[in-house]
Amino acid sequence: MWNEITRTMAQYDTAVLTFVDAAGFPLSVRCVPQMDGTRQVIRVKLPPDVVAQPGPASLMSHYHDNQMWNLRGYNVVGELEKEGEEGWVLRPRRLLPGLDSGGMLAQFKMLVKSRRVVQQYLDKRGLSRPKVDWAGIKKLQAEARKKEL
Amino acid sequence: MKPIILPSEVAAVFREFRTCEFSTIGRDGTPIAWPISARYLPEQGQFLLTTSIALSQKAVNIRRNPHVALLFSNPTASGLDNPPAVLVQGIAAAPDQINTSVAGLEDYWRDTIFRRQPISRLYSSNALMRYLMDWYYLRIVITVRPRTIRWWPSGDFSQEARELVSQSADKLKC
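Sequence order for the protein chains is L and C. Note that numbering that gives the first Met the number 0 has the first sequence beginning at 0, numbered continuously upward. Note that numbering that gives the first Met the number 0 has the second sequence beginning at 0, numbered continuously upward.
Quick caveat, the hints were computed from the structure, so don't treat them as lab data. Not one of these hints is a red herring.
Derived pair list, reagent style SDA-like, types lysine to any residue, alpha-carbon separation capped at 20 Å: (1) L:K145 with C:Q116; (2) L:K112 with C:L127; (3) L:K146 with C:R120; (4) L:K112 with L:N69; (5) L:K137 with C:N125; (6) L:K81 with L:T37; (7) L:K146 with L:A134; (8) L:K138 with C:S123; (9) L:K112 with C:A53; (10) L:K123 with C:P94; (11) L:K130 with C:S119; (12) L:K112 with C:Y135; (13) L:K146 with C:T111; (14) L:K145 with C:L121; (15) L:K123 with C:Y135; (16) L:K130 with C:S55; (17) L:K146 with C:E105; (18) L:K108 with C:Y130; (19) L:K138 with C:L121; (20) L:K137 with C:S123; (21) L:K123 with C:L54; (22) L:K137 with C:D110; (23) L:K146 with C:R114; (24) L:K112 with C:T50; (25) L:K138 with C:P117; (26) L:K108 with C:L121; (27) L:K112 with C:M132; (28) L:K123 with C:S51; (29) L:K130 with C:I97; (30) L:K44 with L:G86; (31) L:K145 with C:S123; (32) L:K146 with C:D110; (33) L:K108 with C:L131; (34) L:K44 with C:A160; (35) L:K137 with C:S100; (36) L:K44 with C:E159; (37) L:K138 with C:T99; (38) L:K112 with L:R128; (39) L:K146 with C:L121; (40) L:K108 with C:R129.
Fair warning: this is a prediction, and the values are worked out from it, not measured in the lab.
Isolated chain C (complex conformation) (with noise of 0.2 Å):
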């Protein structure tokens, strides 16, 4: 299957935007969107989101009903000059596990989170705060297939969204 080649401004967005507008819809259909940072991974076409078990309604909504939307609107601290706006919408999992290791999870870790919010690395400075902060740490992890891209070009909803539909078995390349 032919893979789909993103436009460089929206990779650049995947890759730079601290986070995303993550929505998922609620037992009464209500759907709520609550600032996430999400990793691409663009050799598996998805991607990749945590959240801790304190903070697990999203999961459980995601069990209910797989339908999630990304949208990447906020370009604090990209360092990027007048990115799109980006909507992904996909089909999304969340497996009812507690993920405790870093294992296979390494440069989400790192790069998404350590390198992006220092303070971060306070939680497990000494032992009391690994003590207070375990919870932070006690994560389900959420995959994010997409099946539709929309960008506004330079953020502006005023106009017409761009748009690159995904089948199933296609992959996102950048």
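For reference, chain L alone in the conformation it holds in the complex (with noise of 0.2 Å):
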């Protein structure tokens, strides 16, 4: 696993640490990891008025583009521990793939597992397929078009 998530990870330059702070919220900032391949935790630094506390954290990073496709992105799971006196890690326990729409063969993947998942979200509710309103979103579509011009 560790290997995997060091490839994972090394395609993006910051990363996003999530944890829960002291009020129940989630709290997330941006920082560059440094990974630790001897002990296999990743480094993190926190802003300097940011109060975290040990527990179940994460690391994500994604990628768009300019027309918010060719999206990538992951999540590494763990727990955040305290190192020393001022320092973080992240203990790694998962890496989970993010959604990944760069090629054929991934946009297919993702296509097949959407539709079984969603099927089973209405059979699991004893609920038939809804009917989308293709007139309304092609409407708005049209509208989207011409506010480009």
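Relying on the hints, combine the two individually framed chains into one complex.
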């Protein structure tokens, strides 16, 4: 797992660390993670006024282009641990792949998975497949195109 | 109740950023962020997001624990020069209803999604695509009412943030 995490994270310059703060809210900050291959932990630096606490946390990166396409990303889930007086590390537990819109194969896999998940969602609730408001969608898409011209 | 005025650079981030990192808390207490497009509704003082039921875990998490965060830290395609990074922490709602109509969400679909992600228009382009991609439009609506907003000028996380705190009845205006 560590090698896969290292390979995946190397594609991005920064990552977003998220932990739960003392008030019970998620708190996210962007950081430059440092990989420690010896201990298999990820070193993270927090802003000076952010108070973290040890516990479950995650690191994610994502990319999209100027047209909001070529989507890719990941999430590393683990435990945030104190290191020394000022330092923090994330000890990874799992790597979760994000949406990947790059390439035909990736898109096909996303399509197949999404259709299966949606049918399971509907079956679990005893719902028939709802009808989408295509006329309304196409009207708004036409308006969106006009605004670009 | 006196409305809270947002600094113009923060309002610009809400208006122009294409995505935010949206965090919910899982069953085991782990917070996980995924990128999502969010629309700020200044008159209502809240954010509007949607998610396909193919990606419904965040809605399930919200119903269990409504504490969420939105971090606006990726300025790609925003057109903003040296914007701040902005963290919103708030309380979310995600009613267990599948929304298939654009009614009431016209601005969200037209301006937040279709204008900014032109390729999504392909999903309705012909009968085959509509059959294959209908799942994309089976949506759960999520709203977030902010409690705290922090921002790091120029996206510099090595500095201390500036902060606004909103009481539940206040509206954030810009």
